[in-house]
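*Asks:* Sequence:
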Amino acid sequence: MTTISSAAEQAPVAEPLVGRPDVNRKRLARMGWAFTAPALIFVGAVTIFPIVYSVVLSLSNVAVTGSGFSLNGFTTSNYSLVLKNSTWHYALGFTIIYTLITVIVELALGTMIALVLQRLTGGRGVMMALLLIPWSMITVINAELWGYIYQGTYGVAEAIFTAVGLKPPAAGFLGTPTPAIISMMVADIWKTTPFVAIIVLAGLVMLPGDVYEAAEVDGSSGWSTFWRITVPLLRPTLALAVMFRVLQAFGLFDLPYVLTNGGPGTATTSLAILGYNAMFKNLDFGTGSAVATTTALLVLLGCLISLRTFRVQVGKEGN
Numbered sequence: 001m002t003t004i005s006s007a008a009e010q011a012p013v014a015e016p017l018v019g020r021p022d023v024n025r026k027r028l029a030r031m032g033w034a035f036t037a038p039a040l041i042f043v044g045a046v047t048i049f050p051i052v053y054s055v056v057l058s059l060s061n062v063a064v065t066g067s068g069f070s071l072n073g074f075t076t077s078n079y080s081l082v083l084k085n086s087t088w089h090y091a092l093g094f095t096i097i098y099t100l101i102t103v104i105v106e107l108a109l110g111t112m113i114a115l116v117l118q119r120l121t122g123g124r125g126v127m128m129a130l131l132l133i134p135w136s137m138i139t140v141i142n143a144e145l146w147g148y149i150y151q152g153t154y155g156v157a158e159a160i161f162t163a164v165g166l167k168p169p170a171a172g173f174l175g176t177p178t179p180a181i182i183s184m185m186v187a188d189i190w191k192t193t194p195f196v197a198i199i200v201l202a203g204l205v206m207l208p209g210d211v212y213e214a215a216e217v218d219g220s221s222g223w224s225t226f227w228r229i230t231v232p233l234l235r236p237t238l239a240l241a242v243m244f245r246v247l248q249a250f251g252l253f254d255l256p257y258v259l260t261n262g263g264p265g266t267a268t269t270s271l272a273i274l275g276y277n278a279m280f281k282n283l284d285f286g287t288g289s290a291v292a293t294t295t296a297l298l299v300l301l302g303c304l305i306s307l308r309t310f311r312v313q314v315g316k317e318g319n
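Going by my numbering, the first residue of the sequence shown is number 1, and it counts up by one from there.
Don't read these hints as lab results, they were simulated from the structure. For glycine and all other residues, C-beta sits at the position ideal for the given N, C-alpha and C. Mixed in with the good hints there might be a few duds.
Cβ-Cβ distance ranges computed for the label pairs, FRET-style [to be verified]: (1) LEU100 with TYR212: 28 to 36 Å; (2) PRO232 with LEU28: 38 to 46 Å; (3) THR76 with LEU304: 44 to 52 Å.
Produce the entire structure from the sequences given, and follow the hints as far as they go.
*Replies:* Pasting the structure below:
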């Protein structure tokens, strides 16, 4: 023992390499930028450049000719035309109302589904796989599917209404404004509720179990436990789910484009549909770019508000 301990005491201690961590960090940083540079260039080419060019178009007099289009000077008339247009006002109101209703319904249904899945002792994986089928479908396919359901001749929706004693809309589910809007909301809710349910379920799994044990010992009912414990602890997760869904719903395009083409009339014309029609159908690139830019600014504002709300909720949870 004495020999071993003396040998250990006499063993030289390696001195730390002065300055090496900084050198390694800089080298790793350069390697990181080198590896991510191709991806950053690609993102800049397909995302940042079109956004910047759209802003330039919205602030220019765009002249369309047989060989293309040209930019003839700076102007703000495109934004004046958009902001004073009644169709833009309707599209903005429709998009906001559509977003609010669908997100609220999806959040409520998704939370209920997540609570049921949390309590499942067996078969949760199978149920989650079945639940994700609507979400995994491409929106265009989803719109085509619901188009067949709402079809007046062989659609299932009219048969269901008749079977339960309800009268289907005279012009069909997609032929008059209010039924068309409700029908489109139903299709969207069916597709995206599973996405919200999975996010909420992930938050429920992470909640501490000792809080619920203490509530059970205190004799708290299930309803009281949900509102006083589950909902406050789940606020960051709910805020995250709302942020994702608001950003997706506000950019609504493919579902109304395939299902109703913005109709009947302009009943289901969203901001994205309006910008598409102005730019690619009417070849009014300046006005279309102004619609796209204002929509992007509104989405950015919504994102900042959602992030602020999410940050506040996380801060409350941390306290």
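*Asks:* Are the hints correct? Go through all of them and say.
*Replies:* Here's how the hints hold up against the structure:
1. At roughly 32 Å, the beta-carbon separation of LEU100 and TYR212 lies within the given 28 to 36 Å, and the hint holds.
2. For the pair PRO232 and LEU28, the supplied restraint of 38 to 46 Å holds, since their beta-carbon distance comes to about 41 Å.
3. The hinted range of 44 to 52 Å is not satisfied by THR76 and LEU304, whose Cβ atoms lie roughly 24 Å apart.
In terms of the numbered hints stated before, the structure departs from hint 3 and from no other.
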